[in-house]
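First to last, the protein sequences are chains R and X. Heads up, the first sequence is in my numbering, so the first residue is 1 and it goes up one at a time. Heads up, the second sequence is in my numbering, so the first residue is 1001 and it goes up one at a time.
In short, the hints are calculated from the structure, not lab data. Positions of the beta carbon are idealized from the N, C-alpha and C atoms, including for glycine. Hints may be right or wrong, so weigh each one.
[Stated by the list, open to error] Selected chain X positions facing chain R (Cβ under 10 Å, derived; list incomplete): (1) A1016; (2) V1019; (3) L1022; (4) S1063; (5) T1065; (6) V1078; (7) L1083; (8) S1086; (9) R1231; (10) I1233; (11) P1234; (12) F1245; (13) T1259; (14) Y1261.
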Amino acid sequence: MTGTVRRTGPAPFDMLRASRAGRGTTRTRRVSVLAAAVFVLFAVHARAQTPADTAAAAFKDDVHAAAGLTCVACHTSGVAGAYAAPARTSVAPLCARCHSDAAFMRRFDPQVRIDQFLQYQTSTHGRRMAAGETRVATCTDCHSAHGVRRVTDPRSPVAPLNVTMTCARCHGDPVRMKAFGREATPPADWAASVHAAALLKRGDTSAPTCAACHGSHGATPPGVTAVANVCAQCHLREAELFRASPKKAIFDALGEAECLVCHRNHRIEPPSDARVGLQAGAVCADCHDDSGESAMTIKQVRLDLDRLSAAVSDADALLARAEQAGRPVDEGRLALQAAREHQVQSRALVHAFAVAPFSKTAEEGLGAARRAREAGDAAMREWRVRRTGLGVATLLVLGFLATLWFTIRRLPDPPPG
Amino acid sequence: MGARARAWLEERVPLADVVDALRHKRVPHHRYSVWYYFGGMTLFLFGIQVGTGALLLLYYRPSATEAYESVQFIVTRVPFGWLVRSIHAWSSNLMVGCAVAHLFSVLFLHAYRRPRELTWVTGLILLLLTLAFGFTGYLLPWNQISFFATRVGTDIAASVPGVGHGLVRFLRGGNDVTGATLTRLFGFHVAILPAIATALVGLHLLLVQRHGMSVPPSVERDAAGSPGTVRSIPFLPHFILRDLFAWTATLAALAALSTFYPQELGIKADPFAPAPAGIRPEWYFLWAFEALKHVPATIAGINGEFVAVAVMGTGAAAALALPFLVPQTPTGHRVLVWLGVAALAFMGGMTALALTGGAP
């Protein structure tokens, strides 16, 4: 990889760009066009910008500049005004001079890590770079050279919302990747995953991006045996259940990458009850047929999942009807919340690959959903009683009104006043 | 036995002359008499408010930590609590509606004329008190919408020059809307305002009884030349039965609204939460709320909000003094009718604008 990178990425990243850019209205677009025109006019008359000018301008906003460093801190061999770019193979060692020096770095941040260069040397990027392959990434490709910002700065190319696009500049480029015999699909696959949805749609910056699973400075694909450990960083409960299940030994013997067998790697789809079962589209059916004890277990689990899901939906709809009728159903909502929590737990318990712990939780969820439904039924019953009561009362009032009306009509004509 | 009991009672509570006066009391009856009943309906709804308010007081707790929960308890646990609260809330809305209808009917039928000037003044003050009841009662459930609406509403007082900030502090019981504001508005709602309103209602009714119902000038003109030809009906039983009919119909409407459209409680107020979207006051303040949004920041170098508040204040003062300002001539009456129509159109238009989106 070189220092210059293409600014285009795979199509799914349009969503990411849109979320970062905000919604452009026609008015803002017009303003932008006008601003661009004014800028071009000025630019035509302005002095041509040299690379040194551009670098100097970017460096003004650099975290190093804020720490008091100047050009010569990195451009050690240059003379003022004529700085040569360091060779790509020497960039990481150059950065490491400071960033691996605990005593030096402590002056800026007492808790700063200093193992980036060590990790980089173990990464695919670092190993290839050490072997003289200069097209792979080095520090400046991800962090930029003269406008380096902290990771916590949202403008940093390695900030959570930006890091996948930074990786995708190379790993989403088929031409670049072909040279290394790799597919350029991972970024697009990730963009279609449940993890991307969490980050881009819900704004959950703790959602995993490339670096969460591959590491940042030590970036490398996790091996078959390491995948489960990577997933377990967040999905702890599921990992514990899986390790205690009979599946663990079977997958190990088959050399399968545990979680990935059912969930795949980059394009991890949102969990769904439909993935469990022996029907078409269910992941269990990839390995199991409709025979034996395991088929019974799978069917039972799916049946309970469906029952629980239906019970939760029914109770929710009933409570919503009661609420629309103006009936407070707080107790029902609490029970429904408990049912939903049991539903989440039972979905996690699918990873035990056994009926016992799963069914107990699912039954508890069904019980909670039943209580929610009973609360909804009671509220609706009361609502019906009220309507009936009001109907009777209205009839009585109308009868009284009619009586009054006839009484008024039958009053003798008043004597003249 | 009955005669003896009546005699016993009459000896101790001598009301025979009052009953006799009511028996002989007569009420004008003409094509506009239907408007006479709105005053009685407003009084009936005031009675409903007093009754349901007293019942709510049995359970309501006026503090920021307990108000919301106590209202929640009333609507979920107290037998028929939901109905009482709903009737109280709906009745307040109907009461404002009836009072406004009564006011404009008096205006358009020119019932404020001599010698009923003070009847008009007490009636208008009663309408303002009704609005004050609405404003002070709105915060009492301590939910999110009412909390922020009260904050916006009390902020308006700050635009009064000189005393504005003091006025806001007086209304809020501090710099911001807090539990102190709730306690304060509760005190206004259940003690101070009812005391003033009850006294004024008594005075208003006394004046109505002493002066009798006003006959519109047009009806008087039709009957001109033959004095005493304006038709009238006895108060007992002709008028009172019609009044009872209107009250019963109001009660039926109130029960239906309370059952089919019970008042929602919303979510508990959180002073640290951002203001929710769609904050709006009760419908009868919407026109002023919307109008203020359209007022420019400055008008001729003066704070726009102050100008708007000054205009509204002048309007209210002019309305109070209306019987003394309007010339009692056909032209004066005509001008007043058009002014009334314009005011109604403005308030209706602004309310419609607020309901359909309005200014941001």
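Hints and how they fare:
1. A1016: violated (22 Å)
2. V1019: violated (18 Å)
3. L1022: Hint violated; X/L1022 Cβ to chain R Cβ min 15 Å, cut 10 Å.
4. S1063: Cβ of X/S1063 sits 21 Å from chain R, so the hint is violated.
5. T1065: With a minimum Cβ separation of about 18 Å from chain R (threshold 10 Å), the hint on X/T1065 is violated.
6. V1078: violated (12 Å)
7. L1083: Hint on X/L1083: holds, closest Cβ of chain R at ~8 Å, below 10 Å.
8. S1086: holds (8 Å)
9. R1231: Cβ of X/R1231 sits 8 Å from chain R, so the hint holds.
10. I1233: With Cβ-Cβ at 5 Å, under 10 Å, it holds.
11. P1234: This hint holds: X/P1234 lies near chain R, its Cβ roughly 5 Å from the closest one there, short of 10 Å.
12. F1245: holds (5 Å)
13. T1259: Constraint on X/T1259 satisfied, holds at 5 Å.
14. Y1261: holds (7 Å)
In this structure, the earlier hints numbered 1, 2, 3, 4, 5, 6 are contradicted, and the remaining ones agree with it.
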